[in-house]
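2 protein chains.
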Amino acid sequence: MIRHVVLFTWTDDATDEQKAAVPAALEKLPAAIPQIRAYTFGPDAGINQGNHDFAVVADFDNLDDYVIYRDDAVHQAVIAEHIKPILASRAAVQLSL
Amino acid sequence: MIRHVVLFTWTDDATDEQKAAVPAALEKLPAAIPQIRAYTFGPDAGINQGNHDFAVVADFDNLDDYVIYRDDAVHQAVIAEHIKPILASRAAVQLSL
Numbered sequence: 001m002i003r004h005v006v007l008f009t010w011t012d013d014a015t016d017e018q019k020a021a022v023p024a025a026l027e028k029l030p031a032a033i034p035q036i037r038a039y040t041f042g043p044d045a046g047i048n049q050g051n052h053d054f055a056v057v058a059d060f061d062n063l064d065d066y067v068i069y070r071d072d073a074v075h076q077a078v079i080a081e082h083i084k085p086i087l088a089s090r091a092a093v094q095l096s097l
Numbered sequence: 001m002i003r004h005v006v007l008f009t010w011t012d013d014a015t016d017e018q019k020a021a022v023p024a025a026l027e028k029l030p031a032a033i034p035q036i037r038a039y040t041f042g043p044d045a046g047i048n049q050g051n052h053d054f055a056v057v058a059d060f061d062n063l064d065d066y067v068i069y070r071d072d073a074v075h076q077a078v079i080a081e082h083i084k085p086i087l088a089s090r091a092a093v094q095l096s097l
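If you read the protein sequences in the order shown, they are chains A and B. Following full-length UniProt numbering, the numbering of the first sequence begins with 1 at its first residue and continues without gaps. Following full-length UniProt numbering, the numbering of the second sequence begins with 1 at its first residue and continues without gaps.
Since copy identity is lost for identical chains, a pair holds within one copy or between any two.
With a straight-line cut-off of 25 Å between C-alpha atoms, the simulated DMTMM-like cross-links for lysine to aspartate or glutamate are:
#1 Lys84 with Asp12
#2 Lys19 with Glu81
#3 Lys28 with Asp65
#4 Lys84 with Asp53
#5 Lys19 with Asp44
#6 Lys84 with Asp44
#7 Lys84 with Asp16
#8 Lys19 with Asp72
#9 Lys28 with Asp59
Keep in mind the hints are simulated off the structure, nothing from the lab. From a predicted model like this one, the values you see are computed outputs, not experimental measurements.
From just these sequences and the hints, can you work out the full model?
Spelled out as structure tokens, the structure:
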């Protein structure tokens, strides 16, 4: 299994509407990309200081399926339209489990 | 459910032995901390450039159980003895799912 983990921080001037548009767009991806086996995402719960703002954890059967997701046009459109305009920083790891 | 996600980068002078000691120590935590429901971790798979070096994804039934894990003495010892000595940067999010 490949578990893709990515954390984002948003720019200071990102609006609540822009932030809310990210999960609204992401939740459409499992229906669009059948290679996704499990997909969890959301804003930081606010428990600890100094955290990033948003996380995505996506599971795939294998590396090929992850790459299909990574390069998928619908996924790339979400990144271009909703994530990049408010992205301050990004941290990612792919785990081979 | 609370899903705790944390990514690390290691210092340039971290040795292979020091890096290998992190998963070796983490794999003992589920037996020591029964609040852990699922625990996945490991080094970045090397698929993409610019990634962080290591990830942990830990699932808990609720916030209280996550806080028990966060503050657990055995967990804190792993952080102090194995993670902090080679830590360059850390990014974390807790998801409420």
